[in-house]
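Participant: Below are the chains, spelled out letter by letter.
4 protein chains.
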Amino acid sequence: MTVRIGVIGTGMIGQDHIRRLTHVVTGTRVTAVFDIDSARAEEVAASVGARALPSGAEVIGAADVDAVVVTSWGPTHAEHVLGAIAAGKPVFCEKPLATTAEDCLRIIEAETAHGTRLVQVGFMRRYDSGYREMRKVIESGGIGEPLMVHCAHRNATAPASYTSAMAAQDTAVHEIDVLRWLLDDEIRSVQVLRPRPTRKRHEHLQDPQIMLMETAEGVRIDLEVFVNCQYGYDIQCETVGEEGLVRLPDPAAVAVRGRGRDSTAVLQDWKGRFENAFDTEFREWAGSVASGTEPTGPSAWDGYAATVITDALVESMESGATVGIEALEKRPAFYGGAER
Amino acid sequence: MTVRIGVIGTGMIGQDHIRRLTHVVTGTRVTAVFDIDSARAEEVAASVGARALPSGAEVIGAADVDAVVVTSWGPTHAEHVLGAIAAGKPVFCEKPLATTAEDCLRIIEAETAHGTRLVQVGFMRRYDSGYREMRKVIESGGIGEPLMVHCAHRNATAPASYTSAMAAQDTAVHEIDVLRWLLDDEIRSVQVLRPRPTRKRHEHLQDPQIMLMETAEGVRIDLEVFVNCQYGYDIQCETVGEEGLVRLPDPAAVAVRGRGRDSTAVLQDWKGRFENAFDTEFREWAGSVASGTEPTGPSAWDGYAATVITDALVESMESGATVGIEALEKRPAFYGGAER
Amino acid sequence: MTVRIGVIGTGMIGQDHIRRLTHVVTGTRVTAVFDIDSARAEEVAASVGARALPSGAEVIGAADVDAVVVTSWGPTHAEHVLGAIAAGKPVFCEKPLATTAEDCLRIIEAETAHGTRLVQVGFMRRYDSGYREMRKVIESGGIGEPLMVHCAHRNATAPASYTSAMAAQDTAVHEIDVLRWLLDDEIRSVQVLRPRPTRKRHEHLQDPQIMLMETAEGVRIDLEVFVNCQYGYDIQCETVGEEGLVRLPDPAAVAVRGRGRDSTAVLQDWKGRFENAFDTEFREWAGSVASGTEPTGPSAWDGYAATVITDALVESMESGATVGIEALEKRPAFYGGAER
Amino acid sequence: MTVRIGVIGTGMIGQDHIRRLTHVVTGTRVTAVFDIDSARAEEVAASVGARALPSGAEVIGAADVDAVVVTSWGPTHAEHVLGAIAAGKPVFCEKPLATTAEDCLRIIEAETAHGTRLVQVGFMRRYDSGYREMRKVIESGGIGEPLMVHCAHRNATAPASYTSAMAAQDTAVHEIDVLRWLLDDEIRSVQVLRPRPTRKRHEHLQDPQIMLMETAEGVRIDLEVFVNCQYGYDIQCETVGEEGLVRLPDPAAVAVRGRGRDSTAVLQDWKGRFENAFDTEFREWAGSVASGTEPTGPSAWDGYAATVITDALVESMESGATVGIEALEKRPAFYGGAER
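Residue numbers (the working numbering), protein chains in the order written: chain P, 1 to 340; chain Y, 1001 to 1340; chain F, 2001 to 2340; chain X, 3001 to 3340.
It should be emphasised that the hints constitute simulated quantities derived from the structure, not laboratory data. Fair warning: there could be bad hints in the mix.
[Claimed, not checked] Think about it this way: if two alpha-carbon atoms lie no more than 20 angstroms apart in a straight line, the pair counts; the simulated EDC-like pairs of lysine to aspartate or glutamate are:
| id | chain 1 | residue 1 | chain 2 | residue 2 |
| --- | --- | --- | --- | --- |
| 1 | F | Lys2200 | Y | Glu1186 |
| 2 | F | Lys2200 | Y | Glu1294 |
| 3 | P | Lys136 | P | Asp66 |
| 4 | Y | Lys1271 | X | Asp3279 |
| 5 | P | Lys271 | F | Asp2279 |
| 6 | Y | Lys1200 | F | Glu2145 |
| 7 | Y | Lys1200 | F | Asp2279 |
| 8 | X | Lys3200 | P | Asp170 |
| 9 | F | Lys2200 | Y | Glu1094 |
| 10 | X | Lys3200 | P | Asp279 |
| 11 | F | Lys2271 | P | Glu102 |
| 12 | Y | Lys1200 | F | Glu2217 |
Please read these numbers as outputs of a predicted model, since none were measured by experiment.
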């Protein structure tokens, strides 16, 4: 009855998911792990009663592993996901699905050949109660057909290692996935604007950036990505439709009236904002594994789309031009293309 | 066409009303003033092209005075209001109408004998857009029958001259008037609770106080009066009815997100909060004078009620007991008693 | 490593806790249950792989039961809690700890004789993130010393079986516990006001009620209990201190701007409001059992206090008089009395 | 002492300003009017005790006219403004200053030749308390250097006569002026995006439009113009700086909690939103006339800039291309160019 999970990659995010699968989600147990740093793998394994194995392939192949979680270095994702598909085991892969569109397509081919969905990609915003409520409002016709979406993704500060391309790849990628899902629509072109940069950034970085996207249905999205806003972690999303608009709420927080101001605290990092979404994500995924049904979360196609769109954003950020996205025009029937 | 106004009392509030009648309200002009400090009266008069006269009686009697504004020391209000009634001239009297219930009754008798309303008392909250909107919601049945009202009246600090009785007489008196009008109901009993006092007060003062009131219809009101709250000027009012509630808004203010908090400024004094209400109050009163119709603002009966109720609050604050208010059970027909 | 739990009482709340201990909280398992309705007990037991036993005593005594959860009919609570203490097993008892103050005192005596805390009472508000954040603000001196608390507890509707006494016993009891904890203070007297009743109630019911409480430190609390407010489930709490105030947030919800209004949905029942608090409550309690440490949640003394205070509220609601509470003046050292 | 004003154009907006100058602003009087519809002019004149004259030129030249207000048909504005400058009289011109950039330049030349400012253009947002407060926050360094501005301008519905170009000329023009003033910066290029159009529009209209602007300092502005949003009149503005952001407040409105929702009314037209701004605009302008000082409101240069920028927006809306604005690179010293 307990789902036995093998985890490939025991870095920070891997450890967090292991903790979640052990102490937060019921009905799951981590039985085997692998990390390129074998000492770290041993230590993490010991802490939860799992075995450290000498390779990702062995984790995938282990008899006491029912499903695989891939949280290793991005460039190794494709290999492990393909391995899991080959073994016919469900695999949860942290974003990105693969670092190149080509590798994503190889995964899509493999999964399609397998015949049922095995892959879920770790875009957790779809599990946030605010976005879910917003989607319900839109689906129920509460605002008419969507026409525009205004978004902002702000972090207090970014480290020196954060590059201009990461604004699309690591930051905007969350909005890309959740907006495609929210609107049930596909991105068709993108354009990146470069506002006056903040002096609070590391000099190599273009920060902030404004990412404009247009969907197949003509919805216009503007997304401010600002990773050195200083004041905190702040996620905004407003969908404007033909008859009204719906806004993501700010997290609930006590209001203090004092020293001449009425104020609430702004969260300082994503943990406070999306911790519940991560938990729900793993609960629902583990539930699908336990019941032997296909996962309902972000698919390999969604992972491919995210990679294609972030590539286009990076290209536009560098060139300044609008970049069209033809690769996503035909979604395979296997990934719900027929429904559209 | 211009309404010529005589002002009795040229202290701070008198000067503010003279400024208002000269520079804010159109169609009015101050022609005569009196103050016990004749030098001050001369100076104020000169600044607006009016005459300073040697007594309130002469202001009231002056041929170029169509209507009188009384903003002198409280204990002199009754004399001037009675004088204006005797002269058959409209009179706007700042709160209180009179400092004793007996004097209020003498004014009521005189005005009733005169046969039409001449007196308006300066309770300006009825002219605030928030309270007016709240009243419309209640009258339209938007919350069902009112059952409870929760209020707070907070000032940043109170001077040493502010006494415990003034919490009722000078502060709560505004809520008393506006709640009677908001609910179209009468106060029948009061009780004052004495919370742990703040150490930020002058020692002689009971601050905060919680004033409980019950209306003839059984509506229960709780009013926090806290005049040393430190953080600003803050007026709250929430009416709870059988099917919903309606809340007074906080004043509109830009929100700043910075230094880890999302915040708006709290006003520091009543001017920013009720300046518009004062202007509307005088515009509507001057309009009634210009058109020769009876004033529609707070009446002598409302002034009497305020005095009777604040007397009861002071008595309860000192004794701790619930104090019934029989004096207001029968409102004269002249003051709308028949309608009730 | 897994905490094995016996549950006495498999009614609605019992089943919900069994679900929680099985599917939400990790590290716990329900091994034995009892219910006066043995068929129901069998069915519930079967659904989670537990045994149904013929009595509460046998559940308490079972070798595979490490800790006991009591969710049976209120009048039976004392018996089972005393049984668990006698067996030296940790026991989580849903409110009330006992239906009489005398029974609460018997539990206190038994637990004190045992020498370490075994009892936790199910007041879950202390585990709500809003109240916890509010407490941090108060403890950190963010508003100075507390002087007043304004609260409201509103339900959309109450069934015919809900009595006027239940407004204190079942509804206000949550505020009583959380306010004692929030203020780290004790209630010393209470008074219940009876506003004009809503016509939307069952006729036998006094609804709404306003409950006034005074603490040992002189803090004044006003609590509106309104169980037929029609519009939803609404919990409000504002603590006013010497230098500012802090307000409980409303639950986060998407805002919709449409049809001429900007609006958010109000929750319709307590599940959406306190589900997370229940989960946290059991996680922390199970954690204390697993680690063999004393529970940190509401104690038997807190359960006793709640019963004494609700008794006083019911007395005041019936008599109209202020009711003093002497019984809580001396908190035993065993329950932290020395610290105060 | 009273400022005597001649009004050219007695249509809807002209009548509203005549009402304002007669009944709201003190110290002003309308003495002469002209309208191409002489019957309407006569009627309006009679209502305020003014004369109707046979031409705008005669209004400008009248001995009892100290200052001129131009509210006639847009294409006639330039003629009347130039006439007033020639007569050396202060002139308040409703937007647009002129319908072509060339005519604006002629006005600038004439005014510069005159040597002191005589012209004020009717952009009233600078007089709105929210924008003024926002400007203070920015000027005081409260958010660091501005980097981005996110705006929306929404109307419930637009009539059939409203064209796609009017989205820039009549609607966005208000944001154009207030943002130039707010940022103390100049627009350098614009680009209009065309989202999927709402089906609630008249078919010839592009609605909504997203207008992107870049300033000389590199600030990026995105402005949603949506004139058939159905739900009401809604003005949003958020300025994001290096250390924080500041947001325009929504108008204060009572909140109603009922029927399962917590809600406030959205205004239905601009009157409720900017009535106070119009009053303040005329009070300050009349004050400058009365004191014989230069007006401090929007200048002829601001009027020129608005025309140049709206022209560029219309061009971009039609072509889809980014349109640069070179004409505003050198602001004459007469209009504060030296300061920059």
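Participant: If you check each hint against the structure, which ones fail?
Facilitator: 1, 2, 3, 7, 8, 9, 10, 11
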